[in-house]
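Asker: So you can see what is in the structure, the chains are spelled out below.
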Amino acid sequence: MAMPARPRLAVFKFASCDGCQLSLLDCEDELLSIAERLDIVHFPEASRRMLIGPYDIALVEGSITTAHDRERLTEIREQSGFLVSIGACATAGGLQAMRNFADVSDYARTVYPHPEYLSTLETSTPIADHVAVDYELHGCPVDKYQLLEVVLAFASGRRPQIARESVCMECKARGNVCVLVAQGQHCLGPITQAGCGALCPAYNRGCYGCFGGKEQAQVGSLIDHLRVHHGMTLDQARRSLRAYNPTAEPLQIIALQCDKDDVSGSKRGSGGHDG
Amino acid sequence: MTGKDIPVRAGLKTRRIDVGYLARVEGEGALMVDVVDGELRDVQLKIFEPPRFFEAFLQGRELTEAPDITARICGICPVAYMMSAVHALEAMLGIRPDEGIRRLRRLLYCGEWIESHVLHIYMLHAPDFLGFDDAITLAREHPDVVKRGLRMKKAGNDIVKLLGGREIHPINVRVGGFYKIPEVAVFNALLDELKWARDAAAETVFWAAGLDIPNMHRDYEFVALRHDSDYPFSEGRIVSSRGLDIAMAQYPNHFSERQVPHSNALHSVRTPGNTPYFVGPMARYNLNRDRLSNATRNLACEVGFDRTVDNPFESIVVRALEVFQAFDEAIRLIDDFIVPARAAEVVPAGGGVGMAATEAPRGLLFHRYEVGEDGLITLANIVPPTSQNQLTIEQDLHELVAGNLHLAESELTVLCEQAIRNYDPCISCATHFLKLQLRHG
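Chains as they are written, first to last, in numbering that gives the first Met the number 0: chain A, 0 to 274; chain B, 0 to 440.
Be aware that one or more of the hints could be misleading.
[What the hints assert, rightly or not] A few chain A residues that face chain B, going by a derived Cβ cut-off under 10 Å, partial list only:
id	residue
1	2
2	3
3	4
4	12
5	20
6	31
7	75
8	196
9	260
[Unchecked claim] DSSO-like mimics (lysine-lysine), calculated; alpha carbons at most 27 Å apart, straight line:
id	chain 1	residue 1	chain 2	residue 2
10	B	160	A	171
11	B	160	B	179
12	B	194	A	171
[Claimed, not checked] Footprint (simulated), chain B over chain A, 3 or more residues, beta carbon under 8 Å:
id	segment
13	63–69
14	94–106
Don't read these hints as lab results, they were simulated from the structure.
Even glycine gets a Cβ: it sits at the ideal position worked out from N, Cα and C.
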């Protein structure tokens, strides 16, 4: 698709915390020049001006949790040249996808005295489960410089240059001491998509996987290692895999394996809380 | 609707304002206003942001996971969620971090207030006062104003980034303290920019006080924390302008949440009378003016704000004063830096019940947890500021619409939106907000 000199950018929100689209407003040094380069025609969090499509680039935040949102997404897809899903909710269901492993009516009763007033789906699902997505940007939240790169790349008619390596690579580049090997911390860095700059290990804590599963990650091997050598319990393993990116495939497969191990009576740890 | 109704409806003068999706607020909401024959019938603030059920999936998680998980309720005020969680759980476990940790937590909270308030003042609220759709178009006519706001916002975000690791969903907060205490030298490196920003905040106060501010006064019950010596962030008692003065743990005995069919957010009321109340910058300010720094009080006097503020449209000035206060305190906290004895206190095994309220940028944020002896959360209850303000917002709109039915549709709509933004509502938080539909029918 030929990109016009000043493409029309739209930002849409589904179930989310608003943090990923806020990343755009957090580009304090770049925001005014972005607004010159692109015509931001639909961004309700920032403007009353909400123009109808078609849009050259649509940024979609949040996961699909209602039938109405599923329909709205279909209309957005029809109106958009390139559709980019941003953040853990849009790419992997978000924390709210923990309902996928529970009974959502139990959830509604826990939070609301009159669950009958609500209309919600049984699951929280990523954007790509419903419509064709041109690019997925990971992170809870996304990194604002990666977001800028993606927007400017599409505006210039090229593919975004986003590294698909693991957090370990960023950690080595940053010169961090390995918190897993040296301190025995339950670090998910080896199986987690880079992009944060190896933030948690730089602050003396194990990566908790907010950027989601790296492609072709050896999730099972890492979890086995943490369980055998670093005292991770089955429950801890399952909790760490079902958190910020619950529908990410490599994580989900091993989390399901944990469920099976649990049923078959594999040994459980004491479940201390060492953070 | 039957044919018989048509003559009846034709006989009535009916109007409809319909804002399908309220802009410049965080999250998804609508407003519906019914006017029949020149008489205001009903105002409903509709929150259609889909529920995410945080309180449900916190069950079964380790207590140490609560700060990072609850941060995800709100991308604009994650620090507030983290702070309410750590204070509630530390109260339960008897953890008392030292003065060094306490000061760093205040510094982190300063950063979030600045980042959130400046976003609201310049990018969400000011365009209403000046007649623009957004800060981008405002910047075409007033580039220096918007650039000043963006630079101040960045200074706030720089505090959060340095101490928290990143601006949104910081990673350095834990029950017991922090994962890592940055070197004092890196804080000192922020000082020059923070001093510029404190001056810019004073300019912001004068600029905001000079805006054309609509006039509306109501008799509110303001509710906020009050601390022995400091402007409130995370410590103190819960007090109100009508004499309430309780420990944080007494909150459930004096406030309750109820659900209404038109909203996915729960409404909070004062019990036993089920009356609305007001949380946020104006409540904090009215109840804690004597806790402001001398510099902030002097500034308030200069713009005529050394008084109780009961016009919600003046909240933009109060927010600016709080931004000044936050920069002023941040500078003092860095000047008087105390290196904590350790990055974090040890988290002992065990459970119990823990409660805490802290002052999120938008107001009081209450968390309550029940935790088993295995350290797993069995029950969580979170009451965000926007659900506490929702009834008050609806009542403001009632008064505003009833008094301004002579206005043209578009003017009335803009005024209603502006009135809603007085509260900087965060719908993502409140849906455990807005679309304006003025239905004249």
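Asker: Was the hint right that residue 12 (chain A) lines chain B, CB cutoff 10 Å?
Answerer: holds, 7 Å
Asker: Regarding the hint that residue 260 (chain A) lies at the interface with chain B, is the smallest CB-CB distance below 10 Å?
Answerer: violated, 17 Å
Asker: What's the verdict on residue 160 (chain B) and residue 171 (chain A), does the C-alpha distance respect the 27 Å limit or exceed it?
Answerer: The given pair, whose Cα atoms are some 21 Å apart, holds under the 27 Å limit.
Asker: Mind checking the alpha carbons of residue 194 (chain B) and residue 171 (chain A) for me, to see if they're no more than 27 Å apart?
Answerer: violated, 36 Å
Asker: Closer than 10 Å between Cβ atoms is the bar; does residue 196 (chain A) clear it against chain B? Give me holds or violated.
Answerer: Hint on residue 196 (chain A): holds, closest Cβ of chain B at ~9 Å, below 10 Å.
Asker: Closer than 10 Å between Cβ atoms is the bar; does residue 2 (chain A) clear it against chain B? Give me holds or violated.
Answerer: Hint violated; residue 2 (chain A) Cβ to chain B Cβ min 21 Å, cut 10 Å.
Asker: Min Cβ distance, residue 31 (chain A) to chain B: is it shorter than 10 Å?
Answerer: holds, 6 Å
Asker: Are there three or more residues in the segment 63–69 of chain A whose C-beta lies within less than 8 Å of some C-beta in chain B?
Answerer: holds (count 3)
Asker: Should the hint that residue 75 (chain A) touches chain B count as held when the rule is a Cβ pair under 10 Å?
Answerer: violated, 13 Å
Asker: Holds or violated: residue 4 (chain A) as interface residue toward chain B, Cβ cutoff 10 Å?
Answerer: violated, 18 Å
Asker: Examine the segment 94–106 of chain A: at least three residues should have C-beta closer than 8 Å to a C-beta of chain B.
Answerer: holds (count 8)
Asker: Less than 10 Å between beta-carbons is the criterion; does residue 20 (chain A) satisfy it with respect to chain B?
Answerer: holds, 8 Å
Of the hints listed earlier, those the structure fails to meet are numbers 1, 2, 3, 7, 9 and 12, in rising order.
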